[in-house]
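Colleague: Sequences listed follow chains A, B and C, in order. Using the working numbering, read the first sequence as starting at 286 and increasing by one per residue. Using the working numbering, read the second sequence as starting at 271 and increasing by one per residue. Using the working numbering, read the third sequence as starting at 924 and increasing by one per residue.
Beyond 12 Å from chain B on every Cβ pair, some chain C residues (computed):
#	residue
1	Ala-936
2	Ile-973
3	Glu-974
4	Asn-1067
5	Lys-1092
6	Pro-1094
7	Phe-1097
8	Asn-1098
9	Ala-1108
10	Val-1195
11	Val-1200
12	Gly-1201
13	Met-1241
Quick look at which bits of chain B chain A covers, simulated, 3 or more residues with Cβ under 8 Å:
#	stretch
14	335-345
15	359-365
16	370-381
Here are the simulated distance ranges between beta carbons:
#	chain 1	residue 1	chain 2	residue 2	range
17	A	Phe-364	B	Arg-382	40 to 48 Å
18	B	Ser-670	C	Gly-1201	44 to 52 Å
19	B	Gly-698	C	Arg-930	21 to 29 Å
Derived by calculation from the structure, the hints in this document are not laboratory data. None of the values given here were measured: they were computed from a predicted structure. From the three backbone atoms N, C-alpha and C, an ideal C-beta is built for every residue, glycine too.
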Amino acid sequence: MELIQAIIASIIVAATPLAFAAIGEVVAEKSGVLNLGVEGMMIVGALAGFATTFETGSPALGVLVAAAAGTTAALAFGFLTQILLANQVATGLALTLFCLGLTALAGHAYSGQATPPLQPIPIPLLSEIPVLGPALFAHDALVYLAVALALAAGWFLRSTRAGLILRAIGENPDAAHAIGYPVVLARLMALAFGGALAGIGGAYLFLVQTPHWVENMTSGRGWIALAIVVFAGWRPERALLGAYLFGGVSVIQLHMQAFGIDIDAQYLSMAPYLATIVVLALISHDKTRQRMNAPAALGRPFFQSS
Amino acid sequence: MTPPRFEAANLTKRFPGVLANDAVSLHVEAGEIHALLGENGAGKSTMVKMIYGLMRPDGGEMRLDGQPYSPAKPAEARAMGVGMVFQHFSLFDALTVAENIALGISGMRPTRALSQKIIDVSNSYGLALDPDRHVQSLSAGERQRVEIVRCLLQNPRMLIMDEPTSVLTPQEAETLFETLRRLAADGCSILYISHKLDEIRALCSRATVLRHGRLVGAADPRQTSARELAEMMIGGAWNAAGAKAMTPGRARLEVQNLSLASEDPFGVALKEIGFTVHAGEILGIAGIAGNGQTELLDALSGERRTAPGCIRLNGAAIGDLGPTRRRRLGLCAVPEERLGHGAAPELSLGHNVLLSARTRQGLERRGFLSLTRARAFADDVAKRFDVRSSGVHAEARTLSGGNLQKFIVGREIAQNPDVLCVLQPTWGVDAAAAAAIHTAILTLAADGAAVLVISQDLGELLAISSRFSVIADGRVSEPRAVGDVTVEEIGLLMGGQAGPSEAIAV
Amino acid sequence: MIRLEPRPTASTAMIYIAPAAAILLSMAAGMGLFWALGEDPVRGIGMVFIEPLTDWFYISEISVKGTPLLLIAIGLSFGFRAGIWNIGAEGQFTVGALAGGATALALYDMEGLWVLPLMALASIAAGMAWAAIPAFLRTRLNTNEILVTLMLTYVATHILSILVHGPLKDPTGFNFPESRLFHDAATVPVLFEGARAHVGLLAAFLVVAVAWLTLRYHVFGFQMKVTGQAPRAARFAGFVQPRAVWACLLISGGLAGFAGMLEAAGPVGQLVPAIPVGYGFTAIIVAFLGRLQPLGILFASFVMALTYIGGEAAQIDMNLPNAITGVFQGMFLFLLLGIDVLTRYRVRRIPRRPAPSAALRGA
Chain A
286 MELIQAIIAS
296 IIVAATPLAF
306 AAIGEVVAEK
316 SGVLNLGVEG
326 MMIVGALAGF
336 ATTFETGSPA
346 LGVLVAAAAG
356 TTAALAFGFL
366 TQILLANQVA
376 TGLALTLFCL
386 GLTALAGHAY
396 SGQATPPLQP
406 IPIPLLSEIP
416 VLGPALFAHD
426 ALVYLAVALA
436 LAAGWFLRST
446 RAGLILRAIG
456 ENPDAAHAIG
466 YPVVLARLMA
476 LAFGGALAGI
486 GGAYLFLVQT
496 PHWVENMTSG
506 RGWIALAIVV
516 FAGWRPERAL
526 LGAYLFGGVS
536 VIQLHMQAFG
546 IDIDAQYLSM
556 APYLATIVVL
566 ALISHDKTRQ
576 RMNAPAALGR
586 PFFQSS
Chain B
271 MTPPRFEAAN
281 LTKRFPGVLA
291 NDAVSLHVEA
301 GEIHALLGEN
311 GAGKSTMVKM
321 IYGLMRPDGG
331 EMRLDGQPYS
341 PAKPAEARAM
351 GVGMVFQHFS
361 LFDALTVAEN
371 IALGISGMRP
381 TRALSQKIID
391 VSNSYGLALD
401 PDRHVQSLSA
411 GERQRVEIVR
421 CLLQNPRMLI
431 MDEPTSVLTP
441 QEAETLFETL
451 RRLAADGCSI
461 LYISHKLDEI
471 RALCSRATVL
481 RHGRLVGAAD
491 PRQTSARELA
501 EMMIGGAWNA
511 AGAKAMTPGR
521 ARLEVQNLSL
531 ASEDPFGVAL
541 KEIGFTVHAG
551 EILGIAGIAG
561 NGQTELLDAL
571 SGERRTAPGC
581 IRLNGAAIGD
591 LGPTRRRRLG
601 LCAVPEERLG
611 HGAAPELSLG
621 HNVLLSARTR
631 QGLERRGFLS
641 LTRARAFADD
651 VAKRFDVRSS
661 GVHAEARTLS
671 GGNLQKFIVG
681 REIAQNPDVL
691 CVLQPTWGVD
701 AAAAAAIHTA
711 ILTLAADGAA
721 VLVISQDLGE
731 LLAISSRFSV
741 IADGRVSEPR
751 AVGDVTVEEI
761 GLLMGGQAGP
771 SEAIAV
Chain C
924 MIRLEPRPTA
934 STAMIYIAPA
944 AAILLSMAAG
954 MGLFWALGED
964 PVRGIGMVFI
974 EPLTDWFYIS
984 EISVKGTPLL
994 LIAIGLSFGF
1004 RAGIWNIGAE
1014 GQFTVGALAG
1024 GATALALYDM
1034 EGLWVLPLMA
1044 LASIAAGMAW
1054 AAIPAFLRTR
1064 LNTNEILVTL
1074 MLTYVATHIL
1084 SILVHGPLKD
1094 PTGFNFPESR
1104 LFHDAATVPV
1114 LFEGARAHVG
1124 LLAAFLVVAV
1134 AWLTLRYHVF
1144 GFQMKVTGQA
1154 PRAARFAGFV
1164 QPRAVWACLL
1174 ISGGLAGFAG
1184 MLEAAGPVGQ
1194 LVPAIPVGYG
1204 FTAIIVAFLG
1214 RLQPLGILFA
1224 SFVMALTYIG
1234 GEAAQIDMNL
1244 PNAITGVFQG
1254 MFLFLLLGID
1264 VLTRYRVRRI
1274 PRRPAPSAAL
1284 RGA
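Given only the sequences and the hints, what does the whole structure look like? Please build it.
Modeller: Take a look at the structure:
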């Protein structure tokens, strides 16, 4: 029982950065922008957050700065793709490559340093439920925040007027512009939100998972978050579930040996990547479903002609 | 004296290299249905975009009920009581009717109260609508109703209708006219943009005519003949296409039992289509957009394949062949979209002939292209069909719609095909270019080719085809001699026997 | 107020000016970066961009870095043109190195001129096979190739690591995770005695020439151009999209695999876990910086290789982290994409709109 409790808790820890990044990307993509720079925004958030936490000793401040850094990177992407009309795929790649290089350079001074971890906040009463309590309700604030954000983002997209406008812009920006909605501004805001969440996701890595700055420490999580968005059919709540699923895959492999399954750890560490491919293949098979959920204008440039 | 509902004085709009509107004035009275008439490119759209706040005029002034009116954006226009129904609907396929309507009204959320209001308004004007349906499942006529109801919910003082009947059946158009007359009787002014003379003469009490961005004059369309209005619009003598070629020879294109699912989840499947086109004849297929025309052309051109026997060319089964092999055997096609389908926008004309003329014109040898021959062929097409461009090096996207269409149609005709299939040959093309294209198609048929023309423009089909049928919901009706059908019959066929447009409550 | 206006035709001058401007701006930004790091900006830039050109040793090293970039970028450029995004060339490079290296180890100590070509074939086949996975998934199951190619890169890295820790480990080594050194017949010959520049460079030049001819005169090159800008026009022309996906992924996979073999059997000389050093990703930048044109890519791979060598020099001389190269490379692409807007649009300064009341009075 202790083991299961530990496994569930560690799945949640592994899933939370993915959840932040994926929820943010769902909102950004709903506005019709495909930002492949999630990995870059995460790593920038991780370094900015780490440096802040290291210098001030305050994880909370670190989270804020991480969000700001992710936002900055997202807005750079937004400036290039929405205002200068650069190709979104190429720009997203450029953002990731640039951010990986920049953080490797700027983070050089911090390698090997450690920061204080984020303290867990057990929820009164709920955390006292046997097994499930400690597994689900004795986490740090960011775990709860991720859940809250998934619900809030889902509600925002479904039920608010601003969310409706955002979906409309992702569906048909020309028509939205014709009615008079500020397509570019709305997309920049959606991107900024996605960047902030990716940044927080990056910060989570050192705040909870490993308390060090390591070059390239996101190791593909940004890309997995992008896959989760497809998997989730562009719905924030499902993105949260998707993150838990992928988190589960990456955690279970660590515990395989505990279950008496003797496979080389090296083989198992490929599991999240292979799982992503398999899931993508299964999901994308259904073209009709894809068309119903994916924003129709995703990745297409929008030129405001008047 | 009360000021007119809307008044524009000396409105001017410049674009780089063009004066789109040159000091245009017009006024619309309360409760009047006023036509804004002009050829494509005459400046009608620019004018209404300024009125609706989508563009700022470079000069001139506007007044609404006597008050200065200069909307900076559509929301301001709407707030002051000016609504607009676009030609290409600005609707969102993946959203519901209510959500779409909420988007068009400031501060509105798609609540149950809104849905009730939609039902109320649509009932009182005979515009049946279900607020919870997704727009992608609506017919063109129903989509237009969404736009109209959206405007009506804001109690407009003036409603702008941009080419509203281009997507409607004659019956749907008649229902629309009824709605518009009722609205006008309630005091709402309507600015009605069109180039279709008969409907303007049936509906409007005054018309303002534009040509090349200038005001040509105003007229009472009920007192002016269609010919006079047409001459005001194009500023010269009116030339209809030539006589019909009618010497049917052997069967060149035979379609039998052609059924094909659409690639697009919201598209229309082809259902058991069968017809024959003979040498020397032009078969016209009419129909409202979105009834399987695109799918039919894809199946004929070879972009989509079927069982071999479904399509026969000069007796040979070709249903399973791709476009290149069909061309080699003598079947050429012209798709509807000029930029992006019939031509690649960023390639030169010299390269664009390589899309479809590689085999018939010997532009490719063992995979290698002869750019010299390609340029020569492109030059030849441009000369023969009077394509105005800066030369064969010009990118396709730099040509005007009419010139590019002449180039694409010319590229296929110049290959002397046995069968030519054309979708919307003159969509959005000026009158002179349309006449040139019609002449070229007639000549090709007269020379012994079989031509299939699929078009939404009834006038065009009645003018050039020898036989005629209608496509509705993926089915093609039995072809009939053009002389034997009335416009009313065609209209009923276009509506389909069980189509959604039948359920119109008037 | 400033606004963009589409140009009737893409500016020919800007097509060439934009990459040059991107490089110059990156150098300017780089000077700022050196200044921020507390180094002499002029000296820093000189070290990265000028100094490597003054010495034959460095020029040879530039060719060593440039060869894989050139090969991979040429392969990628076809797909990028057609909107087929293979961003996992790094993984195809890795399996190519692995297959070529495994072949060399299997034929250990065998002599003959056939050994190296066999390794080349093995590496090309492996790269193609790795790229065939996303090609199959995209054409059959409509799966996004961007994510699949990228995920497969991580998988390839793990496989390489597993194999050099296990079956391919040097039996006579000291349990280090590395293979034996390849024997002479399985080593890519150098061009000049004492330098590391190897004959792979000549192969890369050949690939550039073939790519140039294909793009200009062959129907395949035409197909790629049309597919990228107008997929429906491509289908109208009789080009089959799935075939284009297969062709683009196999070409880029094969060339990346071949580049991997050249790297393993060339400058490295054995299999080690650190064979993938990011050429596959840098080549993406090279392809764009070279405008997806073979000759442009030739130039771009030279510039990019220069930053590698210059970055290493800066690392040694100024004790700066190696990551400085990555920053420059990311900056190139970023700035290029930004400046690129000027090839398709022109910037127009328009006077501020007169206030509505003024407009009325003027009427």
